[in-house]
Structure formats: C-alpha cells, structure tokens
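Start from the sequences and build out the full structure, keeping to the hints where you can.
The numbering used here numbers the first residue of the sequence shown as 127 and each following residue consecutively.
Hints are supplied without guarantee of correctness; some may be wrong.
[To be verified] Just the calculated beta-carbon pair ranges, DEER-fashion:
(1) T132 to K183: 21 to 27 Å
(2) I200 to L133: 36 to 42 Å
(3) I200 to R175: 30 to 36 Å
(4) V190 to V137: 43 to 49 Å
(5) T158 to L184: 23 to 29 Å
(6) L193 to Q140: 46 to 52 Å
(7) L130 to I170: 22 to 28 Å
Quick caveat, the hints were computed from the structure, so don't treat them as lab data. Treat the numbers as computed from the prediction; the structure is a model and nothing was measured. Quick reminder that beta carbons are idealized off the backbone N, C-alpha and C, glycines included.
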Amino acid sequence: VVLLGTLLPLVHKQLGLGSISIGEPFFNTMFTWLMAPLALLLGIGPLVRWRRDEPRKLWRRLGVALLVTLVLSILLPWLLQDSIAGMTVV
Numbered sequence: 127v128v129l130l131g132t133l134l135p136l137v138h139k140q141l142g143l144g145s146i147s148i149g150e151p152f153f154n155t156m157f158t159w160l161m162a163p164l165a166l167l168l169g170i171g172p173l174v175r176w177r178r179d180e181p182r183k184l185w186r187r188l189g190v191a192l193l194v195t196l197v198l199s200i201l202l203p204w205l206l207q208d209s210i211a212g213m214t215v216v
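Pasting the structure below:
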C-alpha cells in the first residue's frame with residue numbers, strides 16, 4: 127500500500143496527467159480493502175491442518191459456520207436498525 131501510494135503520483139505525472147497528491151484518506155481506504163479479506167482468513171487458519179486437510183472436508187466443517195455468519199450479518203443489522211448507530215454495523 128505504501129509503495130503504491132508513493133509511486134502513483136510519480137507515474138501519474140510521467141504519463142502527462144498532471145501532479146496529484148495522495149494523503150491519509152487514500153492509505154486508509156486501501157488498507158481497509160486489503161485487510162478485510164485477511165481478517166476473515168484469520169478465523170480459518172487455526173482450523174486448517176496444513177497439507178493434511180482436503181478442501182472438501184474443510185468446506186464441510188466450515189459450511190454451517192459460514193451460512194450462520196452470512197445470515198446473521200444480514201439479519202441482525204436489519205432487526206436492530208433502530209437501536210444501533212450506523213458505524214456499529216460498519
């Protein structure tokens with residue numbers, strides 16, 4: 127993310143598109159998009175027996191948890207929309 131944020135203004139200027147300035151909002155946004163999928167993988171890592179687990183067995187073990195998580199992540203904010211703040215959901 128830091129390398130991209132550092133090189134992007136240089137490339138932009140070399141292409142003749144003018145100079146741009148990249149600040150904190152860019153880095154915050156890029157970091158969020160990068161870390162969100164990795165944070166989801168953190169929950170799966172301890173359950174995987176490396177080189178001994180087959181993907182089919184892993185999906186069977188995690189399928190119910192994934193389904194419950196998806197249902198609750200949609201259902202709870204909808205049910206509690208009047209009692210929680212917007213940023214709590216995010």
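(request) Any hints from earlier that this structure breaks? Give me their numbers in increasing order, please. (result) 1
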